[in-house]
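Protein chains: 2
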Amino acid sequence: MSLVVMKFGGTSVANVERIRNVAKRCAKVRREGHDVVVIVSAMSGETNRLLALAHEFGEVPDPREMDALAATGEQVTAALTALALQQEGVQARSLLGHQVRVLTDDAFTKARIRTIDGTKIGEVTKAGSVCVVAGFQGVDDHGNITTLGRGGSDTSAVAIAAAINADVCEIYTDVDGVYTTDPNVAPAARKIKHISYEEMLELASLGAKVLQIRSVEIAMKYGVPVHVRSSFSDAEGTIVTSEDKFSSADMERMTVAGVAYDKNEAKLTLRGVEDQPGVVAKIFSALADANISIDMIIQNVGTGGAGLTDVTFTVTKADLAHGKQVIGEVGPKVGMKELLVDDQVVKVSIVGLGMRSHAGIAAKMFQLLAAEGINIQAISTSEIKVSCLIAAKYTELAVRALHTGFGLDKTEVREE
Amino acid sequence: MSLVVMKFGGTSVANVERIRNVAKRCAKVRREGHDVVVIVSAMSGETNRLLALAHEFGEVPDPREMDALAATGEQVTAALTALALQQEGVQARSLLGHQVRVLTDDAFTKARIRTIDGTKIGEVTKAGSVCVVAGFQGVDDHGNITTLGRGGSDTSAVAIAAAINADVCEIYTDVDGVYTTDPNVAPAARKIKHISYEEMLELASLGAKVLQIRSVEIAMKYGVPVHVRSSFSDAEGTIVTSEDKFSSADMERMTVAGVAYDKNEAKLTLRGVEDQPGVVAKIFSALADANISIDMIIQNVGTGGAGLTDVTFTVTKADLAHGKQVIGEVGPKVGMKELLVDDQVVKVSIVGLGMRSHAGIAAKMFQLLAAEGINIQAISTSEIKVSCLIAAKYTELAVRALHTGFGLDKTEVREE
Chain W
6 MSLVVMKFGG
16 TSVANVERIR
26 NVAKRCAKVR
36 REGHDVVVIV
46 SAMSGETNRL
56 LALAHEFGEV
66 PDPREMDALA
76 ATGEQVTAAL
86 TALALQQEGV
96 QARSLLGHQV
106 RVLTDDAFTK
116 ARIRTIDGTK
126 IGEVTKAGSV
136 CVVAGFQGVD
146 DHGNITTLGR
156 GGSDTSAVAI
166 AAAINADVCE
176 IYTDVDGVYT
186 TDPNVAPAAR
196 KIKHISYEEM
206 LELASLGAKV
216 LQIRSVEIAM
226 KYGVPVHVRS
236 SFSDAEGTIV
246 TSEDKFSSAD
256 MERMTVAGVA
266 YDKNEAKLTL
276 RGVEDQPGVV
286 AKIFSALADA
296 NISIDMIIQN
306 VGTGGAGLTD
316 VTFTVTKADL
326 AHGKQVIGEV
336 GPKVGMKELL
346 VDDQVVKVSI
356 VGLGMRSHAG
366 IAAKMFQLLA
376 AEGINIQAIS
386 TSEIKVSCLI
396 AAKYTELAVR
406 ALHTGFGLDK
416 TEVREE
Chain X
6 MSLVVMKFGG
16 TSVANVERIR
26 NVAKRCAKVR
36 REGHDVVVIV
46 SAMSGETNRL
56 LALAHEFGEV
66 PDPREMDALA
76 ATGEQVTAAL
86 TALALQQEGV
96 QARSLLGHQV
106 RVLTDDAFTK
116 ARIRTIDGTK
126 IGEVTKAGSV
136 CVVAGFQGVD
146 DHGNITTLGR
156 GGSDTSAVAI
166 AAAINADVCE
176 IYTDVDGVYT
186 TDPNVAPAAR
196 KIKHISYEEM
206 LELASLGAKV
216 LQIRSVEIAM
226 KYGVPVHVRS
236 SFSDAEGTIV
246 TSEDKFSSAD
256 MERMTVAGVA
266 YDKNEAKLTL
276 RGVEDQPGVV
286 AKIFSALADA
296 NISIDMIIQN
306 VGTGGAGLTD
316 VTFTVTKADL
326 AHGKQVIGEV
336 GPKVGMKELL
346 VDDQVVKVSI
356 VGLGMRSHAG
366 IAAKMFQLLA
376 AEGINIQAIS
386 TSEIKVSCLI
396 AAKYTELAVR
406 ALHTGFGLDK
416 TEVREE
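Protein sequence lines correspond, in order, to chains W and X.
Counted from 1, the first sequence has number 145 at position 140 by the numbering used here; the numbering is strictly sequential.
Counted from 1, the second sequence has number 78 at position 73 by the numbering used here; the numbering is strictly sequential.
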């Protein structure tokens with residue numbers, strides 16, 4: 006008998022029929038004798054519907070109220086899933102973020118988890134019930150409802166799995182695992198059987214929308230095995246775990262594990278700011294104070310005239326309006342002449358543990374893009390990935406060229 | 006400067022545009038210098054939508070989960086109303102039932118308020134914000150979400166008004182006050198300017214859907230003046246207050262203040278139960294244990310054979326399925342031969358303080374109904390009302406006959 010966390014995303018609970026299927030699946034595991042904790046997202050489309058309502062009342066609505074609003078999506082699904090489990094003849098009980106107590110900071114709309122109290126969940130499972138927890142939501146020190154940001158239910162699931170010391174955290178989603186790239190873009194994409202936390206982290210942060218980045222960080226930190234699989238089939242999906250658990254079995258792994266792309270970036274360029282110590286710090290401190298995460302940063306020293314420089318950076322599209330507002334305030338103080346905004350950009354990336362021991366991978370990436378006539382606007386690298394910012398119109402072309410170029414194309418039909 | 010509680014029902018917050026109007030109205034009061042606490046219901050239709058979802062998972066879904074589900078309706082409206090107020094340039098902050106702390110018992114789907122802590126609301130108003138409270142919801146001792154039952158937002162509003170010692174509790178609704186009867190049924194109905202708690206209590210409990218009965222009980226107990234008025238006009242509505250505050254100014258009041266009808270009743274008849282001491286107690290104890298409220302009760306002694314009797318009672322239609330289930334269990338234990346159910350009944354009632362000092366009012370009611378050929382199935386009376394259960398098909402006929410017969414018809418067009 007083991008303790009299993011099962012997390013279902015928005016498409017898996019999109020309507021009554023699918024919630025029924027989720028309940029059947031969880032009931033089966035429960036009847037096999039396991040303790041089951043279920044984490045659910047809002048029905049797909051619901052969070053967008055709620056946030057659209059909020060935006061009827063201003064471009065940048067009060068984030069505290071946004072969270073009180075958005076948290077209702079998961080609350081609805083949690084209650085319905087508990088009811089569906091009861092209909093399957095299984096005892097069940099829903100818990101909300103503040104009932105569990107998922108304690109977060111007060112960074113509304115993108116709160117970070119501080120601690121999770123496993124007591125209440127333990128009481129529910131000990132009493133023989135499946136515990137259905139509303140994902141995505143928490144509560145701050147003052148009892149305010151918070152949410153963890155987009156995809157936060159994955160984070161809830163893995164963090165709860167860590168808090169209750171679960172044997173595995175199963176993430177059920179609308180795809181049957183992690184692929185070498187988006188199959189919609191490159192039909193030759195293959196499903197990956199095992200992937201390391203590190204690689205998954207890079208893939209997640211680069212826009213492979215299967216798992217939220219923070220959930221992978223937490224899984225890695227606490228050593229929670231994560232199984233990404235389809236809620237519509239019984240097929241094994243992709244196991245995300247530590248490198249040492251699978252590398253010996255996978256001698257044939259490619260140098261590059263996957264190709265990712267992220268359309269959710271926007272580029273801001275501050276033209277002609279003063280080229281003096283402290284100026285860049287002033288800009289990015291203002292953004293940090295506003296809780297806006299920066300991805301790529303490029304400073305073009307010496308352009309735009311004597312003593313002046315251009316500063317370019319990327320943020321998520323969701324932060325663009327807020328970011329423009331912050332720069333509108335801080336820009337004039339550092340002599341900014343002009344603010345250029347480009348949201349027609351995409352970041353394509355290659356990821357793989359093998360890069361550590363193989364030289365020339367980045368150079369090969371640049372060559373493959375150049376061969377298709379694609380201009381690179383910015384580059385960033387880590388130990389196991391290389392990312393390039395390019396014009397959004399080249400997305401599919403770039404992804405396919407890299408997937409083929411690095412030998413990732415599916416060569417045979419396999420039953421997996 | 007006064008402290009004003011303003012409560013808006015489902016039709017008043019049915020969509021974004023109406024929430025905007027609610028915000029404008031509250032903002033105006035706030036800018037006049039008053040402290041404002043707003044109580045909101047779910048958008049109209051939303052609670053029904055949520056409960057219909059729950060009923061997809063069984064005829065009698067777990068009430069605890071029903072409440073977690075239903076409470077989201079008011080949570081959405083509270084957050085949106087706070088955002089709308091902010092857009093009007095007024096500071097605002099939403100609070101949920103468990104945040105205020107509206108402590109209730111654990112009778113899910115029809116919980117009763119135990120205590121309300123006014124501290125948090127006080128903090129919000131003291132900080133200069135309008136406090137927007139989600140109506141209808143509370144929390145029990147164990148942190149479970151509870152709801153107060155249909156129309157519970159009125160109860161929330163009046164109870165909060167009492168807890169924070171508000172000067173007035175304004176109930177905004179889709180009608181512009183309390184009428185002598187339903188104007189849809191009797192076009193000659195008139196708006197009542199002042200009504201006593203006692204009369205309002207009888208009218209509310211008899212199905213005049215303007216105010217929930219418990220809200221009037223609480224208003225009476227704590228002496229909270231209630232102003233029922235339209236959210237779509239500035240006209241004065243109906244003031245509900247203690248008798249001594251208005252009787253001298255209203256010498257012309259009719260003996261009967263209003264005619265009410267309630268279609269939300271269903272009649273259950275247990276045929277041929279044992280006519281012995283303790284039998285009736287057994288039946289109604291079982292119903293009480295199941296938290297089912299009984300309205301009228303008739304025991305026909307000696308019918309149905311020697312030593313047998315019939316027991317008839319009415320419950321709300323919402324409790325009918327549950328009631329049938331309870332009787333299905335307890336009935337055989339008291340020798341019940343047959344259970345008859347009739348949900349095609351209506352209760353019509355006349356209400357008025359003047360009845361105390363006028364004899365023959367009940368007799369006149371029976372005559373007026375008899376004159377229309379309407380058979381009376383059950384009768385119940387109190388000091389200031391008389392109710393008759395009749396076949397539902399006679400509803401309109403009966404209401405109009407009583408309204409005219411007791412001299413309530415409008416005789417002139419008045420601007421009020």
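One thing to keep in mind: the hints can contain errors.
Intra- or inter-copy, both count: the list cannot distinguish identical chains.
[As the list claims (entries may be wrong)] Computed cross-link-like contacts, DMTMM-like style, restricted to lysine to aspartate or glutamate with a CA-CA straight-line distance of at most 25 Å:
| no. | residue 1 | residue 2 |
| --- | --- | --- |
| 1 | K338 | D122 |
| 2 | K329 | E93 |
| 3 | K329 | D300 |
| 4 | K125 | D111 |
| 5 | K415 | E241 |
| 6 | K131 | D111 |
| 7 | K131 | D145 |
| 8 | K29 | E64 |
| 9 | K329 | E343 |
| 10 | K33 | E64 |
Don't read these hints as lab results, they were simulated from the structure.
**Item:** Hints breached by this structure
**Value:** Structure breaks hint 1 only.
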